[in-house]
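Undergrad: Sequence:
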Amino acid sequence: MIEKLLQDLANSRIKESKVLLNNNCFNGAYYLAGYAIECALKACIAKNIKASEIPDKKFINDIFTHDVKSLVKLAGLEVYRRIKESTDPDFSINWAIVKDWNEGARYKEWPKQEATQIYEAIMDKKGGILLWIQQYW
Numbered sequence: 001m002i003e004k005l006l007q008d009l010a011n012s013r014i015k016e017s018k019v020l021l022n023n024n025c026f027n028g029a030y031y032l033a034g035y036a037i038e039c040a041l042k043a044c045i046a047k048n049i050k051a052s053e054i055p056d057k058k059f060i061n062d063i064f065t066h067d068v069k070s071l072v073k074l075a076g077l078e079v080y081r082r083i084k085e086s087t088d089p090d091f092s093i094n095w096a097i098v099k100d101w102n103e104g105a106r107y108k109e110w111p112k113q114e115a116t117q118i119y120e121a122i123m124d125k126k127g128g129i130l131l132w133i134q135q136y137w
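According to the numbering used here, the residues represented by the sequence shown are 1 to 137, in order.
Hints were generated in silico from the structure; no laboratory data involved.
Wrong hints could be hidden among the right ones.
Taking lysine to any residue pairs in the SDA-like style, the calculated list, with each CA pair at most 20 Å apart, reads [said to hold, decoys possible]:
#1 LYS58 to SER70
#2 LYS125 to SER12
#3 LYS18 to THR87
The following label-pair restraints were derived from C-beta to C-beta distances [what the hints assert, rightly or not]:
#4 ILE83 to ILE60: 23 to 29 Å
#5 LYS58 to VAL19: 35 to 41 Å
#6 ASN11 to GLY76: 42 to 48 Å
#7 LYS57 to SER86: 30 to 36 Å
#8 ARG82 to ASN48: 29 to 35 Å
The beta carbon of each residue, even a glycine, is placed where N, CA and C say it ideally should be.
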């Protein structure tokens, strides 16, 4: 199923991000960390698409985005995100770091601090964004 493929891609991209981070390749580390979140959210979206139904055309067009905030909404997680953000200060801090990632990150230079920061926001044992998303896939 496509959601399993996307889950595997999310896990692979975050591992690759860590390898790049450990080898001082901060641009790729930053980009792949955010891409892991995109894949994870798309896994949630794929899980919600029923094989017996044809999804709305606008919905299908909308899921071809790289915008993390939009993907959270399309995955049906916006209410859960707001609740989590209001009750978990660690998650709130991590969300503030991750929410603005987009595919344009691949065209920018990212210093060690920012690459490390996004990776840690995603993988934090307390309030990490990937761990939160994984509850829903």
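Undergrad: For every hint, state whether the structure bears it out.
TA: Structure-based check of each hint:
For the proposed pair LYS58 and SER70, the alpha carbon gap of about 13 Å is at most 20 Å, so the pair holds. Simply put, LYS125 and SER12 have alpha-carbon atoms about 18 Å apart, close enough for the 20 Å limit, and the pair holds. This hinted pair does not check out: LYS18 and THR87 have alpha carbons roughly 28 Å apart, beyond 20 Å. A hinted range of 23 to 29 Å for the beta carbons of ILE83 and ILE60 is consistent with their spacing of about 28 Å.
Against the hinted window of 35 to 41 Å, the Cβ-Cβ separation of LYS58 and VAL19 comes to about 38 Å, which satisfies the hint. The hinted range of 42 to 48 Å is not satisfied by ASN11 and GLY76, whose Cβ atoms lie roughly 22 Å apart. A hinted range of 30 to 36 Å for the beta carbons of LYS57 and SER86 is consistent with their spacing of about 34 Å. In this structure the hint that ARG82 and ASN48 lie 29 to 35 Å apart at CB is violated, the actual value being about 19 Å.
Of the numbered hints listed earlier, those contradicted by the structure are 3, 6 and 8.
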